[in-house]
Amino acid sequence: MLKDIGADTVDDLFAAIPSEYRLTGDLKIPRSYAESEIVQFFRDRAAENGQGYASFLGAGAYSHYRPVVIDSLVSRGEFFTAYTPYQPEIAQGTLQSIFEFQSMICELTGMDVANASMYDGSTGSAEALMMAVRVTGRHKSLIATSVHPEYREVIATYARHQGMPLTTVGYSTNGRVDLEALDTAVDSETAGVLIQSPNFFGVIEDVAAIADVVHKKGALLIVSIAEPVSLGIVKPPAEADIVSMEAQSFGVPLGFGGPYCGVMATRDKFVRQMPGRLVGETTDRNGKRGFVLTLSTREQHIRREKATSNICTNQALVALMCNIFMTIYGREGMKELAQHNLAKAHYAAEQFKKSGAKLVFDAPFFNEFVIQTGGAPHVINDKLLQQKIVGGFPLKKFYPELGNASLWCCTETMTKASIDAAAKEVA
Amino acid sequence: MDINDKITKATTHISQNEGLIFEKSSPGKKAYKLPPLDVPAVDAEKLLGELTREELGQMPEVSEIEIIRHFTRISTWNYAVDHGMYPLGSCTMKYNARVNETVARLTGLAEAHPYQPEKISQGALRIIKMLNEQLIEITGMNAITLQPAAGAHGEMTGILLVRAYLESQGNPRKKILVPDSAHGTNPATAAMCGYAVENLRSNSAGMVDLGALEAQVNEDVAALMLTNPNTLGVFEQEIHKIADLLHAKGALMYMDGANMNALVGKVRPGDFGADVMHLNLHKTFSTPHGGGGPGSGPVACKKILEPFLPTPVVITKPDGTLGFEYNRPQSIGRVRMHYGNFGMFVRALAYIMANGPEGLRQTTEDAVLNANYIRKNLEGVYDLPYQTPTMHEVVFSDRTQARKGIKTGDIAKRLIDYGFHPYTVSFPLVVPGALMIEPTESESKEELDQFIEAMKAVAEEAENSPEIVANAPHNTRVSRMDETAAARKPILRWKPPVAKEAELVTK
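Those protein sequences? They're chains F and W, same order as listed.
Per this note's numbering, residue 1 is the first one in the first sequence, and the count goes up by one each step.
Per this note's numbering, residue 1 is the first one in the second sequence, and the count goes up by one each step.
The shape of chain W in the complex, shown without the other chains (with noise of 0.2 angstroms):
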């Protein structure tokens, strides 16, 4: 049998080498003009003196096509959602449509300069407003913040507010709780922004153990963060009882908002008790992760700690046009310069345009629809850790499969070879040897038959020929990479030839 008779999704074929741009570097070559300069030529010695840069080393010299076709031709090594199902659990890698990178590219606003007054920026100011207002409906919450740059930045700033209200109240308390299952940023942001992290442990539903927390939980305590679903993918039933367990002692409910996919328009955080969260602008409203960033992660929150938001915010004036208000004396200050990513800002927005309000639930209704179909397809070829039902993502075990030894990594790594992503690997940690999988609402049940198929076969492989999954991927460009290498001996940047053996030499 060959390796390669299930695999229906992919096949190999012909992709170009390519090597670094230095590589590729001549002398003389340009792919630049500019044009003839209007006013007269200043000598940068003469005033810039011993300031004045020499030269500029191995910067490269190529021309137009050698640049097109070296960031083509290097692309093509990437997967992407463009190419297929990409079920990175916890990252909700949806379908990014077109119509938002072309309003983003519109020159009003991809050239609009952030200090330009007012009266030119109303455009601008207006879709901030309307971004906010809808986020704010969306959430359940009473205002909003649009700065942070990306979902963690959001956690930091949420922690603040939570942090600049319980000190307006006398005490800013000394510990933030999180749960096992959390993500790692989070206790990450709890000890930047000054807290102690502790954690608190899962029933064995998976969700939050009401009787550790009431243990747990005291005046010392400023914050659970909590992520619902919860990365289990796993609703947290008792929530009103959560909310009412840290209110009762005048803590705050942080919500992580990475996976609110599985929530838009049927169910607000706000009526459910989380007084602050954030959102992934990148995840839950489409905008493209763009191979890692960037991001945007506004936090939502209740009256009580709007006060606190950082400034400045966009404010409607008394003659009617829109404006930006600085003078918050109680504002927890800036979380980054400007007003964030903006650009997200009008991806987002016009991604909300496009569903309107059935669209949204229906967008909710089918991520779920779709994680509970492979669920239901893959149950019993792999471990299912947890009973409890699952919303937008299924977290399975490699149990079965790690008797031959085959762990989660390998199963991912054979799923390469069929044409899909893998699924997130290893996460959460609650789950020892965890498969990760969310689909999000963009994959046809064409898509998932195919993606359940291959998790079928390859299953089957690890029972029965457990080396080719063991030492997969077979048909990609490279295959298993030197990571210990790579961190013992870090080469972090190209170096020329010459001067990498020198290097060498000296060591």
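Next comes chain F alone, as it looks inside the complex (with noise of 0.2 angstroms):
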């Protein structure tokens, strides 16, 4: 091949580099290993992790179990070796995965219209914020605190240089968005409001009564659904003006924080100032039906620096899990789903309570709750741990005003054996 490029060594192809700046010398990493190394090197890794927890960790991501289905589908080659769909005569496997994605995001959370996936949840909400501003035209975004307080982070660092002021809105003793400080807070250059349901505590939001207060004012209303299992069970937040959802309990790994699988869906009208890929139905020459990436004048490959967003990947692999983990359970199955994680969470927060635990909100809530206690979070989680078990995640941090306070997840993974263990340790 050199020779018939013209070149006599492969360094030739290279003289356009100063070689002042060319490496003489290997790159200081280790040696190549053989496939069996690697796998042995993943394994001791695995190993240094812990295995064989029970764990009552939520907070934004949540075991549920993965149907073995999933990974055998997305280990296909044809999906997971393709890339964005831009050429729509040979990549109709993943355009319609994704239009059947965003029909059954559509379905779940009673909006009109679903994008192909954003990065996650975190950064899916803060474009949701930067949507309503292009919407309304207006500048400032509220947000409850009882919304994950790493979104909140992830959407300070967005919001800091796009002139987006932000301001907060704090909750009431029942755990829910205060409605009398939300009312004094919107005002009319508020372009929208961020609240999650279920929130951060867990605890289910009176969507429709926050609705009226923000639309009284002419704002948006975001609502973050960070886990979407509860939609098997609670009702779709109807009212809302865009949902931003992270969709990683549908059949994504925890996989220690990613990859994880954001979705933005909306109202009809607000369709071309939403920000990531769209697949949307056409026929071809022949009149054939078929699926494309659509409304792309939206985004940056087009209109560069007066896109809606810079985003470019979308999570299509990921959403595809999520398709299927949707399709697996259905029209039955979520609900059936939604309301073992309910009956489980509802046990043990029984259980915990008859131990002496205070439950602090008494707002319906799905399948998390936060609970206070005599002794401090980690003291008990430490305890728990002897025994294999990863107590809740405590709130200290975050909300140093609710003390002893830590936040239990029970999904339909936990075993009531697992929750009575835990009900020892929690007074």
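Since the hints were made in silico from the structure, they are not lab data.
Mimicking DSSO-like on lysine-lysine, the simulated pairs with C-alpha atoms at most 27 angstroms apart in a straight line are: (1) Lys46/W to Lys354/F; (2) Lys416/F to Lys119/W; (3) Lys495/W to Lys288/F; (4) Lys33/W to Lys46/W; (5) Lys489/W to Lys306/F; (6) Lys383/F to Lys119/W; (7) Lys317/W to Lys397/F; (8) Lys317/W to Lys28/F; (9) Lys28/F to Lys129/W; (10) Lys416/F to Lys33/W; (11) Lys28/F to Lys303/W; (12) Lys28/F to Lys302/W; (13) Lys288/F to Lys489/W; (14) Lys397/F to Lys119/W; (15) Lys235/F to Lys29/W; (16) Lys46/W to Lys235/F; (17) Lys397/F to Lys129/W; (18) Lys335/F to Lys33/W; (19) Lys46/W to Lys335/F; (20) Lys119/W to Lys396/F; (21) Lys175/W to Lys306/F; (22) Lys119/W to Lys424/F; (23) Lys358/F to Lys46/W; (24) Lys3/F to Lys376/W; (25) Lys269/F to Lys495/W; (26) Lys396/F to Lys353/F; (27) Lys29/W to Lys335/F; (28) Lys335/F to Lys495/W; (29) Lys396/F to Lys317/W; (30) Lys269/F to Lys489/W; (31) Lys317/W to Lys383/F; (32) Lys317/W to Lys388/F; (33) Lys9/W to Lys3/F; (34) Lys495/W to Lys235/F; (35) Lys235/F to Lys33/W; (36) Lys24/W to Lys335/F; (37) Lys407/W to Lys288/F; (38) Lys456/W to Lys3/F; (39) Lys235/F to Lys30/W; (40) Lys119/W to Lys388/F.
Take each chain as given, in its own frame, and dock them per the hints.
Rendered as structure tokens:
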């Protein structure tokens, strides 16, 4: 090949790089490993991580059972070694699966249109607030403090240099958004109000009541859903203008925090202000149904600095996991799954109360709840860890005002035995 | 002559038809089973009151084998790296090693909760630390964050670092310079970070015009966002002068690392003057593209920018264990929850381990060799607008074929019939009618030769029977799609036939 090109050595092909910068020796990284060594290396790392623990951690990342069909299908090279479906004639598999994903997200959230995914729930909620600014032409954003604290940190980073002032609204004693404070805080300059439901405390918000307050002032209501399994049994936030979801619960591994799958859904009338890829139905030259990426004039590769966002990548393969998960559970299973979560969490809350822990909020919750304990949560958690149980998420770092509070999650995978064991320690 | 005569790589075969999953649904079918509930059942209505959901509308009801067949059938309608060469320029569609997938799915890693105690996260933390160190060595930088979820997200993070640094010096400045050959994400990113975008034109060699740069860089310029090699595949030979011009005015050099597959093991951006850059683990480091994502876009930087990195960072604690450090007062804050796309870190580290220093260098050499082999063999068949030496990708134009009315998009569609995924069409914008070809190191000479033959055959068709090319593809499940109709009257979700009809009537 070198001869064909007319080069003597492969280094001739790098002649454009000034010689003073060219590396003369090896990179200082470990030697090349055989496949067997690589597998062993990562097995050792996996073993250094805890395995076989019962975990009460949720807080935005949920441990649901993942049907084996998911990995079996997403491991098909046709899916995972393809790229963004720029050439629809040879990408109908990806395109149709995204169209199905968009359709199911609409069905579950009560929205008209959903995009083909965002990076994750945190960045997606920041993008949703930016979208509210574009739609309303206003600048201010209002965020409930009961929204995931790390989402709020991400939003602060995004907003800082976009002329988007942020203010917060607190929660009332029942754990829901403080409606009176909200009424005072929203004004004619407010573009979007971001709440989460179930919120970070696990409490289900009264979305309709919040929407009334927000819409009265002409602002948009954005509802973030971090635990979408709740949608199997909790009314969808149909009064919202934008729904920003983290779909990790739908069959995506916890994976130490990523990759996950953000999704944005909204009303038809706002679609042209929505960021991210969208798949639409159309026909080919012979009238045959097919799917294409559409409305791309919103996007960076066409609009450059005037685009709705700089986002380019989506989470297609993760969205495919979600699509398969939603298909497996479907119309009946989503409900049954949600019921199991509800039952386990309520059983745990009862047992913890019996042991002397106090339930901090009294509004309805789904699969997570906040308790206050006599002892410090980390002390309780240290004791539980010895029994191979990971306790709830201590809230002191983000909500010092709640004292010895921690957030406990029970999905369908939690057993009664683990709940009973934990109940003994939470007093 | 049959229009398929010259096609050697592919042939048409039976593929299964398959509707949307909703169209297969029928009541009572199930593909799941939950274990018996070991706690008392609860009455949802009693607990949730009017917040209880009534029903789940049009969610599908199908059996497991129907699900397997559905997704298997539609998967066969995709073209993928596993089928063959995928020369999508600037995307680095290389082989995705299966061992990466296996190790990423090991239970202790795949099921690790991001908030589980550090003492039972040492394995994950060690993976992050090792990848940090190796990427720092590969880029020649001093510090890194793995938090950004994708390339464009990395760009945003990098520019925010620049901004925070300049602010700490007293003035964040106003403008970002972006060459006309840059990806669209660059100007979109600058805008998101509160900067005005100023275009920088290329010279006749396809490189940054130093005169223009000198005239444009001043105390208002925060940084230049430079892709190197640039989107023409051309290494910026005067990179040190570019860096010097910027640094002399107090501006920084941001390097878009999209094309890092041309450099790994041969040269390090940190050595030639880049102050901050992002990497695309899904390009250079072989993590799968997944039909559009997930990606991962680590940002590496020089010492001066380190204090501003997103929180948290991984540190070694006094007792020798690893942990996260959150207390970083100058940090730009978080750009994503948790620590980034950890599953991609595992795969990228496995890739680096499999290659080692010699392997990484050879990968780069093979990628550049392959691109130059294509260039040599197609030069003259397709117009080569820039004669400058190219690295890992080559950009032709459709100038010759356009005389017969055949555009780059048509050539791309005909290439599909020949069994290849097209190159990147109509980009970079500095080349009208661009064909941007990046073979990567993964392709054998045999595959490259087949691709070259296919490109030559299409060129000949464009000359002698242009209608074949203009109407391509001929052998795919669907022919060219009506994208105008898709955008004019968007149908973005499935609706049951009755609802759809009712809607049409009311419209």
